[in-house]
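The task is simple: from the sequences and hints, build the whole structure.
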Amino acid sequence: MPFELVPPGTHIDFIGKRRITAAASIVVLLAGIVAVPINGVKLGIDFQGGTEMQVLFEDQVEADEGAIRRVIGACGIQDFSVVRYGEATGREFLIRFPAGADANTGGDACPLTPEQVEALERAKLAGGGEGDEGEKGETIDKLAYALINEIGPLSGGEPERVEFVGPRVGSELRADGLKSLLVACILILIYIAFRFTARFAPGAIIALIHDIGITAGIFVIFGLEFDLRVLAALLAILGYSLNDTIIIYDRIRENMELRTKFDLVDVLNQSVNQTLARTVLTSGTTMVAVLALWILGGEVIRPFAIAMAIGIVVGTYSSVFIASPTLLFLERRFGGNAAPAAAGAAAPDAGYAVRHDAPPPQRGARPSNSKRKKKRR
Amino acid sequence: MSLRWRAIWVIATVMLFGYYAVANFASEETRIASPLVPDNALRLGLDLRGGIHWVIGVKLGATEDHELSFLKGLLEDSLERDGVVVGSVDVADHQLRVETFTDEARKAVRAWFGDTEQLAEVGNDPEMLIFELSDLRREQVREQGMSQVLEVLRRRIGDPMKGIPDSVVTRQGDDRVLVQIPGGAVDRARAREMLRVTGFLEFKIVQDVAQTEELLRAKYPDGELPANTTVAFERDRETDRVLTAYLVGKEADLTGDYLTDARPGFDNQQRPQVDFTFNPAGGELFQALTEASIGKQLAIILDDRVYSAPTIQSRIATRGTITGRFTVAEVSDLSVVLRAGSLSVPVVIEEERTVGPALGADSIRRGVLAMAVGLALIVAFTALYYRLSGLYASVALAGNLLLLIGVMSMFEATLTLPGLAGIVLTVGMAVDANVIIFERIREELRGHKTPRAAISTGFNKAFWTIMDANITTLGTAIVLYNYGTGPIKGFAVTLSIGVVTSVFAALIITRLMFAFFPGDRHVESLSI
Chain A
9 MPFELVPPGT HIDFIGKRRI TAAASIVVLL AGIVAVPING VKLGIDFQGG
59 TEMQVLFEDQ VEADEGAIRR VIGACGIQDF SVVRYGEATG REFLIRFPAG
109 ADANTGGDAC PLTPEQVEAL ERAKLAGGGE GDEGEKGETI DKLAYALINE
159 IGPLSGGEPE RVEFVGPRVG SELRADGLKS LLVACILILI YIAFRFTARF
209 APGAIIALIH DIGITAGIFV IFGLEFDLRV LAALLAILGY SLNDTIIIYD
259 RIRENMELRT KFDLVDVLNQ SVNQTLARTV LTSGTTMVAV LALWILGGEV
309 IRPFAIAMAI GIVVGTYSSV FIASPTLLFL ERRFGGNAAP AAAGAAAPDA
359 GYAVRHDAPP PQRGARPSNS KRKKKRR
Chain B
14 MSLRWRAIWV IATVMLFGYY AVANFASEET RIASPLVPDN ALRLGLDLRG
64 GIHWVIGVKL GATEDHELSF LKGLLEDSLE RDGVVVGSVD VADHQLRVET
114 FTDEARKAVR AWFGDTEQLA EVGNDPEMLI FELSDLRREQ VREQGMSQVL
164 EVLRRRIGDP MKGIPDSVVT RQGDDRVLVQ IPGGAVDRAR AREMLRVTGF
214 LEFKIVQDVA QTEELLRAKY PDGELPANTT VAFERDRETD RVLTAYLVGK
264 EADLTGDYLT DARPGFDNQQ RPQVDFTFNP AGGELFQALT EASIGKQLAI
314 ILDDRVYSAP TIQSRIATRG TITGRFTVAE VSDLSVVLRA GSLSVPVVIE
364 EERTVGPALG ADSIRRGVLA MAVGLALIVA FTALYYRLSG LYASVALAGN
414 LLLLIGVMSM FEATLTLPGL AGIVLTVGMA VDANVIIFER IREELRGHKT
464 PRAAISTGFN KAFWTIMDAN ITTLGTAIVL YNYGTGPIKG FAVTLSIGVV
514 TSVFAALIIT RLMFAFFPGD RHVESLSI
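From first to last, the protein sequence lines stand for chains A and B.
The first sequence begins at 9 in the numbering used here and counts up one residue at a time.
The second sequence begins at 14 in the numbering used here and counts up one residue at a time.
Just so you know, the hints here were simulated from the structure itself, not pulled from any lab data.
As the structure is a computational prediction, the values presented were derived from the model and not from experiment.
Note that the Cβ used here is the ideal one computed from N, Cα and C, for glycine as well.
Careful: at least some of the hints might be erroneous.
Claimed, not checked - Across the chosen pairs, the derived CB separations fall in these ranges:
no. : chain 1 : residue 1 : chain 2 : residue 2 : range
1   : A       : S89       : B       : N37       : 38 to 44 Å
2   : B       : S540      : A       : R27       : 40 to 46 Å
3   : A       : R77       : B       : G236      : 44 to 50 Å
4   : A       : D271      : B       : K462      : 25 to 31 Å
5   : B       : L16       : A       : I198      : 35 to 41 Å
6   : B       : W18       : A       : K50       : 56 to 62 Å
7   : A       : V125      : B       : A231      : 26 to 32 Å
8   : B       : R378      : A       : D271      : 52 to 58 Å
In structure tokens form, the structure reads like this:
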């Protein structure tokens with residue numbers, strides 16, 4: 009006998025728990041919305057503009073956040089933050105400040121040698137006097153010099169990583185980022201419209217909105233930052249989270265076609281149970297890869313892995329607990345009785361034909377279109 | 014297609030791309046030298062090999078103002094010649110404003126600008142005529158500014174011979190330049206110095222020369238320099254050591270603003286020289302200056318640094334040459350200096366993504382480790398869970414990776430850190446297709462189908478589900494590619510190629526293995 013994750017004949021009443029799961033999802037979604045004014049939406053420098061400097065001191069250097077803070081403060085930077093990367097005794101630090109935080113000309117206390125001041129002056133870019141749309145160039149080198157002078161040599165002599173995004177690029181990336189999410193959603197909606205009948209599409213759409221909403225909500229609740237890496241993950245989730253829903257929906261349709269009379273709750277439960285193994289396994293293998301990235305991939309890629317991991321869990325949950333109950337809800341509300349509307353729409357062998365919305369040839373039980381649109385109370 | 018041909022076709026494809034993938038391990042010399050090893054290979058993004066990624070914003074508004082100031086000069090000359098009286102003439106906010114008090118003056122100004130066809134009148138303040146560059150002219154001026162900046166940056170940084178090796182300078186959109194400098198070549202401060210395309214060019218008559226400032230000062234009582242003079246230095250470009258100290262006037266005798274062109278050329282004995290051209294106004298000034306200073310040296314000063322101090326040999330008006338014992342390289346450098354200073358275009362850094370070589374190497378190590386661990390876990394799991402079929406899936410997964418890396422190598426795609434993450438993600442998602450197929454086959458077997466029938470149904474029924482899953486992922490990857498910037502684009506690239514190779518691996522490679530065993534054989538049970 010093969011090893012089975014989900015033994016055949018498993019019958020878990022997923023649909024029966026729909027009120028609890030729907031409530032749970034709504035609570036998390038609302039919490040996400042409520043958290044927006046409380047926590048604020050944290051934007052990384054990609055979307056907000058700002059500077060990020062990762063520095064690694066050489067082995068023998070004793071460095072701590074306090075000393076670094078004093079140096080950065082002395083150099084006239086406002087609103088900066090310093091955090092230690094990796095383990096508590098590490099010599100790697102991340103310094104960040106928002107765009108314009110270096111505009112202040114103060115910082116005469118910055119520990120620089122006259123030669124360094126001269127070198128900075130020499131390499132200064134003439135900004136063109138059109139506001140501080142970009143960096144004139146010297147802040148990062150200035151801070152690097154000051155840190156070396158005051159605390160100790162940097163490994164490699166320079167910061168390990170420098171990311172700077174000017175306000176103009178930041179707002180462009182923000183606008184483009186939202187646009188790309190929107191375009192991706194529209195593309196997927198178009199695909200859903202082709203792929204599903206009017207009966208199935210709303211559930212897929214609601215699951216999709218659910219996934220993006222909850223993933224983003226969790227980011228807001230836990231005060232995680234949105235940046236380009238997270239956006240890439242959100243887009244990947246958008247493409248990926250539909251997979252499980254499609255697996256289950258295809259099975260529901262198949263099961264509906266198999267018989268003429270059925271209870272929709274039973275069909276949904278049966279379909280979810282039949283496909284449970286693959287729902288869990290497909291998400292599981294992807295999760296293994298994402299966790300490997302999370303744990304082993306390093307700090308730079310971690311935000312991507314975190315967003316991906318959340319998205320995979322939420323996406324799997326939603327295909328079982330949101331997409332299928334939505335179908336039930338809509339059928340009960342708008343669909344008349346649970347007659348096998350799709351039966352006979354296609355030959356049994358063509359079960360995977362793309363569309364199934366042809367009108368049923370004979371089932372008189374199916375209400376007319378005008379009747380379907382009416383809300384039944 | 015017979016099974017044999019199908020097998021040959023599939024194996025040949027995998028081997029071809031696998032060959033490209035494996036060839037990445039060969040050194041660059043081997044790749045170029047050996048006819049057997051393909052020249053194409055993966056490029057490492059700057060976030061993996063280390064380097065500076067800069068998006069430079071070019072302030073083209075300044076170029077517009079520069080052009081307006083130039084026109085302003087011409088206008089003033091013309092009005093003075095014709096005896097037309099106007100009030101103030103100013104350039105501000107990319108507009109030229111002429112204060113006029115009489116209808117005749119307005120008419121004269123309009124007539125003059127009408128002739129130049131370079132300006133468009135905006136606003137209708139009765140006392141103030143406001144002009145902007147005409148759309149056509151503005152476009153030209155901005156384009157000129159961009160070519161100027163690109164020219165200088167390409168020469169200083171992107172030039173394969175004289176620039177920084179392997180660096181790239183490309184235009185991005187209307188007013189941006191992407192500068193990529195690989196790690197280890199120059200430090201950040203030095204690279205930043207090279208961005209200074211906004212040079213301020215001055216010409217000054219040399220009043221005295223010495224080897225150092227001290228020696229120069231020693232020529233004067235108490236080391237006091239004469240009134241209204243200063244010292245300018247010529248420095249060694251490598252070591253920054255002072256080569257010569259020149260005593261020059263505080264004020265420029267002529268600025269680069271009047272220079273319209275400078276290019277390397279040769280004299281009639283094929284000795285390199287610099288040919289330069291002044292505009293008419295500059296020509297008049299330069300003529301007066303050179304006439305009075307024949308035999309003296311003229312210091313060419315860019316950003317307070319003397320680049321050359323040729324001796325004035327004759328009166329020069331609009332066209333002149335700088336000769337000397339120059340090499341071709343020196344001549345081209347001097348031309349760049351002259352040009353860079355003649356059209357000042359300010360730039361700023363709008364975006365920077367710089368990674369040190371050590372961190373880049375560390376990222377590669379971590380990424381490869383994550384991939385290896387993810388791959389090992391997934392292979393172990395599928396082999397345990399699906400047994401022989403799981404092994405098929407693992408072989409397909411290996412084939413998938415070879416294809417993915419092979420395709421990227423063939424097209425010389427850039428592998429970035431997010432791209433590496435995309436490969437790891439592909440490893441995780443590629444098995445999904447096999448899971449969907451295998452679960453379906455198991456189900457069919459439970460429904461008492463023969464193994465052969467179960468396999469066939471499994472593949473057929475899973476086909477659309479797999480296509481759906483991958484088409485939506487491909488769609489979002491393409492959106493990301495179109496939108497993405499820098500390293501994130503690399504994620505979109507690996508994800509989209511990975512999607513295609515995954516489908517190939519799951520539907521074609523795995524199926525081929527099933528066709529070999531059990532194939533047409535009559536087996537009692539299937540190892541799945």
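Holds or violated: 56 to 62 Å for the Cβ distance of W18(B) and K50(A)?
This hint holds: roughly 57 Å between Cβ atoms.
Just to be sure I understand the hint, the distance between the Cβ atoms of L16(B) and I198(A) should be within 35 to 41 Å; is that true here?
holds, 39 Å
For the hint 38 to 44 Å, verify it against the beta carbon of S89(A) and that of N37(B).
holds, 40 Å
Satisfaction of the hinted span 26 to 32 Å by the C-beta atoms belonging to V125(A) and A231(B):
Taking Cβ atoms as reference, V125(A) and A231(B) lie about 28 Å apart, which means the hint holds.
Outcome of range test on Cβ distance (S540(B), R27(A); 40 to 46 Å)
holds, 43 Å
Using the Cβ atoms, figure out if R77(A) sits within 44 to 50 Å of G236(B).
Given about 46 Å between the Cβ atoms, the range holds.
Per the hint of 52 to 58 Å, is the separation of the Cβ atoms of R378(B) and D271(A) within bounds?
Cβ of R378(B) to Cβ of D271(A): about 56 Å, so the range 52 to 58 Å holds.
Tell me if the beta carbons of D271(A) and K462(B) are separated by a distance inside 25 to 31 Å.
holds, 27 Å
Consistency with the previously given hints is maintained throughout, with no hint failing.
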